[in-house]
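Trainee: Given next are the chains, with one letter for each unit.
There are 2 protein chains.
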Amino acid sequence: MDDLNLILMRTSIRHFDKNKKIKRDMLKILVQAGMCAPSAMNIQPWEFIVVSERNLLNLLAETLPNASMLREAGAAIVVCGRPGKDDRGVAEKFWVQDCSAATENILLAAEAVGLGAVWTGLYPDEGRLGQVRSLLSIPKEIIPLNVIPIGYAVEKPLPKDKWDEEKLHWEKWSS
Amino acid sequence: MDDLNLILMRTSIRHFDKNKKIKRDMLKILVQAGMCAPSAMNIQPWEFIVVSERNLLNLLAETLPNASMLREAGAAIVVCGRPGKDDRGVAEKFWVQDCSAATENILLAAEAVGLGAVWTGLYPDEGRLGQVRSLLSIPKEIIPLNVIPIGYAVEKPLPKDKWDEEKLHWEKWSS
Numbered sequence: 001m002d003d004l005n006l007i008l009m010r011t012s013i014r015h016f017d018k019n020k021k022i023k024r025d026m027l028k029i030l031v032q033a034g035m036c037a038p039s040a041m042n043i044q045p046w047e048f049i050v051v052s053e054r055n056l057l058n059l060l061a062e063t064l065p066n067a068s069m070l071r072e073a074g075a076a077i078v079v080c081g082r083p084g085k086d087d088r089g090v091a092e093k094f095w096v097q098d099c100s101a102a103t104e105n106i107l108l109a110a111e112a113v114g115l116g117a118v119w120t121g122l123y124p125d126e127g128r129l130g131q132v133r134s135l136l137s138i139p140k141e142i143i144p145l146n147v148i149p150i151g152y153a154v155e156k157p158l159p160k161d162k163w164d165e166e167k168l169h170w171e172k173w174s175s
Numbered sequence: 001m002d003d004l005n006l007i008l009m010r011t012s013i014r015h016f017d018k019n020k021k022i023k024r025d026m027l028k029i030l031v032q033a034g035m036c037a038p039s040a041m042n043i044q045p046w047e048f049i050v051v052s053e054r055n056l057l058n059l060l061a062e063t064l065p066n067a068s069m070l071r072e073a074g075a076a077i078v079v080c081g082r083p084g085k086d087d088r089g090v091a092e093k094f095w096v097q098d099c100s101a102a103t104e105n106i107l108l109a110a111e112a113v114g115l116g117a118v119w120t121g122l123y124p125d126e127g128r129l130g131q132v133r134s135l136l137s138i139p140k141e142i143i144p145l146n147v148i149p150i151g152y153a154v155e156k157p158l159p160k161d162k163w164d165e166e167k168l169h170w171e172k173w174s175s
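Top to bottom, those sequences are chains V and A.
Using our numbering, you'd call the opening residue of the first sequence number 1 and step up by one each time.
Using our numbering, you'd call the opening residue of the second sequence number 1 and step up by one each time.
None of these hints come from the bench; they were simulated from the model.
You may find that some hints are simply not true.
Pairs count within a copy or across copies, as identical chains cannot be separated in the list.
Below, simulated DSS-like cross-link-like pairs (lysine-lysine); rule was C-alpha separation at most 30 Å, straight line [said to hold, decoys possible]:
no.	residue 1	residue 2
1	K156	K18
2	K167	K93
3	K172	K93
4	K140	K93
5	K156	K28
6	K28	K160
7	K156	K21
8	K140	K20
9	K23	K167
10	K93	K23
11	K140	K156
12	K18	K172
13	K18	K160
14	K18	K85
15	K93	K18
16	K21	K85
Make a model of the complete structure from these sequences and hints.
Mentor: Here it is, written out as C-alpha cells:
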C-alpha cells in the first residue's frame, strides 16, 4: 500500500527555492501525468501551457493576487479546457471535471518527482481568467481553469488532517 | 520516480470479480484518499456515500445506463458536493473542481490498493442525478457528481496512450 502515501501525504506547497531550475523534461512528465487522467467519453478536452520564463511568471504573479507564489516558482502549468472539443456537447458538460482530474494528477506527479505545487483557481472568475488569457495569448475557444505554480519546496509542511467521518455515509445518505 | 507509475498506469476498470467482496476498511481508505484532495479555500465541500449492498448496486445499475458495471462491482462510491458549504459562495463556484480532484484521488487509491474503478458521470445530467438522489435519499442541498463502481479487476487492460504533444504549449499559447 506504499503508493497510497503519495495521495495521503501530498500537500500544497507555496514556498519554493528560487534558485533551483526545473528541467524541461520534468515539466513534460507532469503534463504527461495530466493527460493520463480519465475524461468523459475519452474526449480529453484539455490543453496545457507550461510557463518557465521569469518575466512571464512575474507578470502572472502581479495580475493574480491568489498566485503570488509564482514569484518564487520555477515554472507554472496552466490547465485549460476546450469545451467545444466534440460536436455532441460532451466536453461542454464535462470539461471542468476532466481538467480537474488532470490537475490532481499533475499535483500528485509533482510530489512523486520531488517537486512541490499548488492549485490556484481561475475559472469561473472571469476577471482572473481574462488576465491570464491576455498574458498568454489564449484563444477564445479555450478556457484556462487554473494556474499551478511549481518548484522545489523550501519547506515540506505535513498535510492537514482533513478526515471527517461525518462526511462518509454508508449505503444511503445519513445525516 | 516509482510513484509516478501509479498515475501513468492507472486505467478505467469495467469488469469485476463478482465473488470477491471488498473489506469495509479498504473502502474507508478510498474515501480517506478522496478527502486528501485540495479544495478552494480549503472548504472541502464534499460528501461520500459508499454503497455495498447488492440490491442497491443493482438498482443503481438499472437506472444508470452508463454504469451497468455496477452489476459486477463489489461496491460504489458516490462523490457528492455541497455547493452551499460556505456563506461566501466559494463552494458554489468551485465544488465541481474540488469534488473532481477528490474523485481522481479515489481512482488512484483504488489502483494503489489493488482494486479497479471507473468514473461514471452524473452531474450535470439532471435526469441521472435525480434518480441517484432518490435511490440514496440524498437531500436537496447535496449534488451527486458521479458514481464510481469499484471491485477486483478480472482483467487489467494497458492504459490508453493519450500523450499528445500538440496539447502542450511552451510559455504561451501556440497553435
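Trainee: With reference to the structure, classify each hint as holding or not holding.
Mentor: A quick look at each hint next to the structure:
Proximity of K156 to K18 under the C-alpha cut-off of 30 Å is restricted to the intra-copy arrangement: shortest distance 15 Å within a copy versus 42 Å between copies. Taking the shortest alpha-carbon separations for K167 and K93, both the intra-copy value of 26 Å and the inter-copy value of 20 Å come in at or below 30 Å. In this assembly of identical chains, K172 and K93 lie within 30 Å of each other by CA distance both inside one copy and across copies; the values are 27 Å within and 26 Å between. For the homomeric pair K140 and K93, the shortest alpha-carbon distances inside one copy (17 Å) and between copies (21 Å) are both at most 30 Å.
Taking CA atoms no more than 30 Å apart as the test, K156 paired with K28 passes in both settings, with 23 Å inside one copy and 26 Å between copies. With identical chains, the CA atoms of K28 and K160 are at most 30 Å apart both within one copy (29 Å) and between copies (18 Å). For the identical chains of this complex, K156 and K21 are intra-copy neighbours only, at 18 Å inside a copy versus 38 Å across copies, given an alpha-carbon limit of 30 Å. Proximity of K140 and K20 under a CA criterion of 30 Å is satisfied in neither setting, with 34 Å inside one chain copy and 49 Å between copies.
For the homomeric pair K23 and K167, the shortest alpha-carbon distance between copies (19 Å) is at most 30 Å, but the shortest distance inside one copy (40 Å) is not. Taking the shortest Cα distances, K93 and K23 never come within 30 Å of each other, neither inside one copy (35 Å) nor across copies (34 Å). In this homomeric assembly, K140 and K156 never come within 30 Å of each other (Cα to Cα): the closest approach is 38 Å inside a single copy and 40 Å across copies. When the C-alpha separation of K18 and K172 is checked against a cutoff of 30 Å, the pair qualifies only between copies, where the shortest distance is 21 Å, while the shortest distance within a copy is 49 Å.
Taking CA atoms no more than 30 Å apart as the test, K18 paired with K160 passes inside one copy only; the shortest distance there is 25 Å, against 36 Å between copies. Within a single copy, K18 and K85 get their C-alpha atoms no closer than 37 Å, and across copies no closer than 36 Å, so neither meets the 30 Å cut-off. For a Cα distance limit of 30 Å, the shortest separation of K93 from K18 qualifies neither inside one copy, at 39 Å, nor across copies, at 32 Å. Taking the shortest Cα distances, K21 and K85 never come within 30 Å of each other, neither inside one copy (34 Å) nor across copies (39 Å).
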